[in-house]
Amino acid sequence: MIDTTRTGIDGLDEILNGGIVGNSTTLVSGNPGAGKSILCLQFIYNGVEDHDEKGIYLSFEEDTEDLQEAAESLGFERWGDYVENGDIKVYDKQELLRENDFSSSLDLLLDDIEDAEYDRLVLDSLTMFELFFEDETEKRTYLLKFTDILKKNGLTTLMTNEQGAVFPETEIGLENYLTDGNIYLIQTPTESGVNRYVWVAKMRKKNIETDIFPMEISQGGIRVHQNASAFSMMSEDESPL
Amino acid sequence: MASVDILQTLGNKYSAEILDATDEPQSAQELSDELEIPIATCYRRIDELTEHDLLELHDNILSDDRRRIKVYRRNVETIHVDFDESLTVSVEERSGVANKLDEAWRTLSES
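Line order of the protein sequences matches chains V and R.
Positions 1 to 241 (the numbering used here) are the ones given, in order, by the first sequence.
Positions 1001 to 1111 (the numbering used here) are the ones given, in order, by the second sequence.
Think of the hints as simulated: they come from the structure by calculation, not from any bench.
The structure presented is a predicted model; accordingly, all values stated were derived computationally and were not measured.
Ideal Cβ placement from N, Cα and C applies to all residues, glycine included.
It cannot be assumed that every hint is accurate.
[What the hints assert, rightly or not] The calculated lysine to aspartate or glutamate pairs, modelled on EDC-like cross-linking and capped at a C-alpha distance of 20 Å, are:
| hint | chain 1 | residue 1 | chain 2 | residue 2 |
| --- | --- | --- | --- | --- |
| 1 | V | 139 | R | 1053 |
| 2 | V | 54 | V | 117 |
| 3 | R | 1100 | V | 135 |
| 4 | R | 1100 | R | 1053 |
| 5 | R | 1100 | V | 52 |
| 6 | R | 1100 | V | 107 |
[As the list claims (entries may be wrong)] Okay, the calculated bits of chain V under chain R, using three or more residues with CB under 8 Å as the criterion:
| hint | segment |
| --- | --- |
| 7 | 27-34 |
| 8 | 131-142 |
| 9 | 145-154 |
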């Protein structure tokens, strides 16, 4: 039986046939605004709230206050309390980039990781993390080493990835091959606003639904709709191509 | 006077060559053979450079005849010497991020 980590996101765990594989690394890709950070906030928050699993949230994009505001605006009222009592450990951009150097905070982070106290980790974003390495070979080597360190220390990880193109098929980076799971968040503009979709393209060791499912972001975070046929991704007038 | 110390260490015969050669980890013997440095001098230079954090002990590897061999890697990318106002020598270290991940990963595979 494969150890599964539930995201706690309505609909997503069903697509994933129970959840994300435990001690694995999953890449969450999408355009800016597609909901990557929201999915990650939910993953960490639900871990504490429903499963008594502590989490580490690394953000190169935001600081602690922004994250808390974002969480609270989604209805995760106890985010601040969890950060306060240590159930959620936040490394925000100010801490991570202190002294212009990620390496001093990496020491602290590696200590936390090796503590075995935490079960979930978010890296927002992998795109920023990779800037600390010089070339493709280094990026590849250190992404593998980092995911290995996370895995061996019992952490189930989500990493976000900035995606330039609307359709993920057009741009598949090395990161997609080097991670255990790939989740794409897709948004397409419509006359009335934006349609959102989620596509789980890959999850090692799991039998998953690989269709594209509609989702929405509202109070309570992301909700994925199971009924794919009710929303047609490729309806003539809305096709983004 | 740390700045002057660093410059003196760098100025010693073979120091620059050793740093140049230790992009990848090397043992004292390898450096001595490769750069034609007398082995005693080689050890002395390695000690001096390590003391000033310009070179670091990277690992203790096992040789073919099952002895532990110390290998060293340079710890520095660039050095700036600035004479404006007062003499300052600033040492830009190699990416600490890569070094630390290497180290954590190595401990992982040993345990």
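Hint by hint, which ones does this structure get wrong, listed from lowest number up? When the structure is compared with the hints, numbers 1, 5 and 7 turn out to be violated.
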